[in-house]
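There are 2 protein chains.
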Amino acid sequence: MKNIIVGQSGGPTAVINSSIAGVYKQAKKIGVKNIYGMVNGIEGFLNENIINLDDYLSDKNNYELLKRTPSAFLGSCRYKLPKIEDNKEVYEKIFNILDKYEIDAFFYAGGNDSMDTIKMLSDYAKENNKKQKFIGVPKTIDNDLPITDHCPGYGSAAKYIASSIKEIIRDNASFNKSRLTVCIVEIMGRHAGWLTAAASLVKGDDSEGVDAIYLPENEFDLNEFLDRVKTLAKTKSSIVIAVSEGIQTADGKFVCELSDDNRKVDAFGHKQLSGCASTLASIVAKETGLKTRAIEFSTLQRAASHLSSLTDIKEAEKVGMKAVLAANQGKTGMMVVLKRSKNEKYSCTTSLFDIHKIANVEKKIPNDWIDIKNRQLKKEYLDYARPLIIGELKPIFKNGLPCHLVRK
Amino acid sequence: MKNIIVGQSGGPTAVINSSIAGVYKQAKKIGVKNIYGMVNGIEGFLNENIINLDDYLSDKNNYELLKRTPSAFLGSCRYKLPKIEDNKEVYEKIFNILDKYEIDAFFYAGGNDSMDTIKMLSDYAKENNKKQKFIGVPKTIDNDLPITDHCPGYGSAAKYIASSIKEIIRDNASFNKSRLTVCIVEIMGRHAGWLTAAASLVKGDDSEGVDAIYLPENEFDLNEFLDRVKTLAKTKSSIVIAVSEGIQTADGKFVCELSDDNRKVDAFGHKQLSGCASTLASIVAKETGLKTRAIEFSTLQRAASHLSSLTDIKEAEKVGMKAVLAANQGKTGMMVVLKRSKNEKYSCTTSLFDIHKIANVEKKIPNDWIDIKNRQLKKEYLDYARPLIIGELKPIFKNGLPCHLVRK
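Heads up: the protein sequence lines correspond to chains A and B, in order. Numbering (this note's numbering) for the first sequence: -15 to 392. Numbering (this note's numbering) for the second sequence: -15 to 392.
Think of the hints as simulated: they come from the structure by calculation, not from any bench. Note that the structure is a prediction, hence the values are computed from the model and not measured. Treat the hints with care, since some could be wrong.
Since copy identity is lost for identical chains, a pair holds within one copy or between any two.
Here are the simulated BS3-like pairs of lysine-lysine, each with C-alpha atoms no more than 25 Å apart in a straight line [stated by the list, open to error]: (1) Lys218 - Lys392; (2) Lys298 - Lys378; (3) Lys329 - Lys363; (4) Lys237 - Lys348; (5) Lys382 - Lys298; (6) Lys329 - Lys382; (7) Lys382 - Lys326; (8) Lys382 - Lys187; (9) Lys315 - Lys67; (10) Lys114 - Lys72; (11) Lys341 - Lys302; (12) Lys187 - Lys392.
Let's have the full structure, built from the sequences with the hints guiding it.
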């Protein structure tokens, strides 16, 4: 391959830049001449907003810094390609730019919507006898991509969520029963509860864990919720409950829709959710008279690279490297997936899978991993998730704060 | 001194337990027999809810773990002692318990309200010829105690706030101008803006910093705020603004009061504030049509011991040690204060100050440290605060999560 290009798309993660690092590392190894980065994904690419990664990453310190930098170093976008038959011009423009820069392979790190981009581009290439290869690099804190054991980005978000909830539980338990506070923590995840499930990782020798976990996989029943809080309040002096932003009542209403005006729709037609915890906190306060507190992790859960999982960083790098190897072997229209070994000791290898079976499919938590009665996760989930949050990569501190690598 | 007792009161910090560690360490050094801890402060003390710290801290690993444990290890309370003339019985009960356990000195780690407790108890002791000594150990993320250069707890909260905002800024800058988001970050601090001011520490080689900082020290003018956002939106592709929960309009209204029903009052008659950022985010969205996001750090900013400042931990330990030395020298009715050396290289020594001049006095940010026109902090603040966030004490990780020391 002469030249290649890599881009980032969708909501960032704490380790999406490690995948860019992996692409760069492997491309250097096999002698790629120019390793380009598209600024703000396919949207920037269409405007030829392209940089040469050597300008940053030929410096080893910068490479290390990149792995510790949250958010999309290259900039991201939420740009949905039109159907090929609806707008051929966009595709022609893309391939003209690819030809102009003599780019042989196109890598895109993202989640569901970004894999759709890889699918469309590789389909167009095949139909029009274009030689360029298109490989998807999985990235999403949501962990909802199918086929792959898990998604790079998830482990770090899970580690941040579990660590922060562990601290919140200690804080909430500061006072005695007379100042009992019901703390409701809202966690991202539209339809899949993977992120919220991470709250179950807290329980251990030095933490009682959360009192209940409400996932979007299960119908939300307000009466059941209130009864649970009332029962817990009889004996406990601190209550902490984790809820997903995406929990819905039986009639398909998001909990946050019970009050807020957050009914906006993003570029992909997804509803923008927020305020679920504060809605529930208000209802609990009103119905039980208990003191309540709502905490929302918001973008912190995808940006907290100061507490990334080393396992996650390494895997993010690995999937980036694998993508380059795949394209170099002539593969296209594929996404890199992680495969977990059957050995007792955790390890994952990389593999490839047809993008058509991945794009736009959402993976949820298996029903039999959920203890619905106690609103907790079962051993199956804990065994699955625990290895993903292991290890740390200490930030590089300057003036007391973690350093990042930033585009000029 | 034969026996001593230590307690914690008010909202916890990431390093309040390091002060308990310091009290224990110094007391051991000078041969105190029993080092007691009161569970849930003076409220638990009145119920003789007392533990012996040897049961936990004679194990060196536990001592190290305690310094990394957020929230009040001993449990906290918000209990305001009545005036001596209003309820002598409470005071008699306290001194009976002190006599029963042969306690010679009473240490209380807390903020303004807790220092009031030390004042009342030392006053009562003097008036009634009681021999026990009462020493206050400063602790508050709010940094609003007078006389002392700063308060243990502040540095760690400031480090967490600045680190998290730095990550939020990167995240918010992921997308291009077409997806400009105005992100409003709400930070604790009722009347003093010390915590919110920490947002100014972010700006540096690798971060543009926050676009504006709104402190409770200055009147909040909604029109000025909206004009600033509109001006920023003309050129910027990401806007991040830090606001204190306590900002008030000229007519004395808290910003959050413009919508929410958060007008509850705590045991000390303080208003409970929240929702300032979400109120402003709604107003901005409505008035400008811009996409907005509100982020509230909530209790995370006082509980995030995984990102404590080592300088802060060491100083918290030091003030605890000094308190024991002071009582042993016969001092009472005093609070330990930190004094900054005039040398270029930062260092602080400990000293003592009359509690009567400290209790119930709030220290605000000096006016001439605030760049009101640009809504930023001046060099004076940066020089003051930067040394306080320096250094880290790596958490002890187990199963991927930071470990804590917890009472059985």
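Inset, instruction - Using 25 Å as the alpha carbon limit, work out where Lys187 and Lys392 are close: within a copy, between copies, both or neither. - result: For Lys187 and Lys392, the Cα distance is within 25 Å only across copies (15 Å; inside one copy 43 Å).
Inset, instruction - If the cutoff is 25 Å on CA atoms, where do Lys382 and Lys187 land: within, between, both or neither? Let me know, please. - result: Intra 34 Å, inter 12 Å, cutoff 25 Å: inter-copy only.
Inset, instruction - Using 25 Å as the alpha carbon limit, work out where Lys237 and Lys348 are close: within a copy, between copies, both or neither. - result: Within. Shortest intra-copy distance 19 Å satisfies the 25 Å Cα cut-off; inter-copy 46 Å does not.
Inset, instruction - At 25 Å max between alpha carbons, let me know whether Lys382 reaches Lys326 within a copy, between copies, both or neither. - result: Classified as between: cross-chain Cα gap 23 Å, same-chain 42 Å, threshold 25 Å.
Inset, instruction - Using 25 Å as the alpha carbon limit, work out where Lys329 and Lys363 are close: within a copy, between copies, both or neither. - result: Cα proximity of Lys329 and Lys363: one copy only (16 Å, versus 52 Å across).
Inset, instruction - If the cutoff is 25 Å on CA atoms, where do Lys298 and Lys378 land: within, between, both or neither? Let me know, please. - result: both (14 Å within a copy, 21 Å between copies)
Legend entry - 25 Å Cα threshold - placement of Lys67 relative to Lys315: within (23 Å within a copy, 80 Å between copies)
Legend entry - Intra- versus inter-subunit Cα pairing at 25 Å for Lys341 with Lys302: Intra 22 Å, inter 61 Å, cutoff 25 Å: intra-copy only.
Inset, instruction - At 25 Å max between alpha carbons, let me know whether Lys382 reaches Lys298 within a copy, between copies, both or neither. - result: Answer is both; intra-copy 24 Å and inter-copy 19 Å each pass.
Legend entry - Intra- versus inter-copy proximity for Lys392 and Lys218 (alpha-carbon distance at most 25 Å): between (57 Å within a copy, 20 Å between copies)
Inset, instruction - Can you give me the call for Lys114 and Lys72, within, between, both or neither, at a CA distance of at most 25 Å? - result: within (14 Å within a copy, 90 Å between copies)
Legend entry - Identical-chain pair category, Lys329 with Lys382, by Cα at 25 Å: Answer is between; shortest inter-copy Cα gap is 16 Å, intra-copy 36 Å.
Going through the hint list in order, the structure satisfies each hint without exception.
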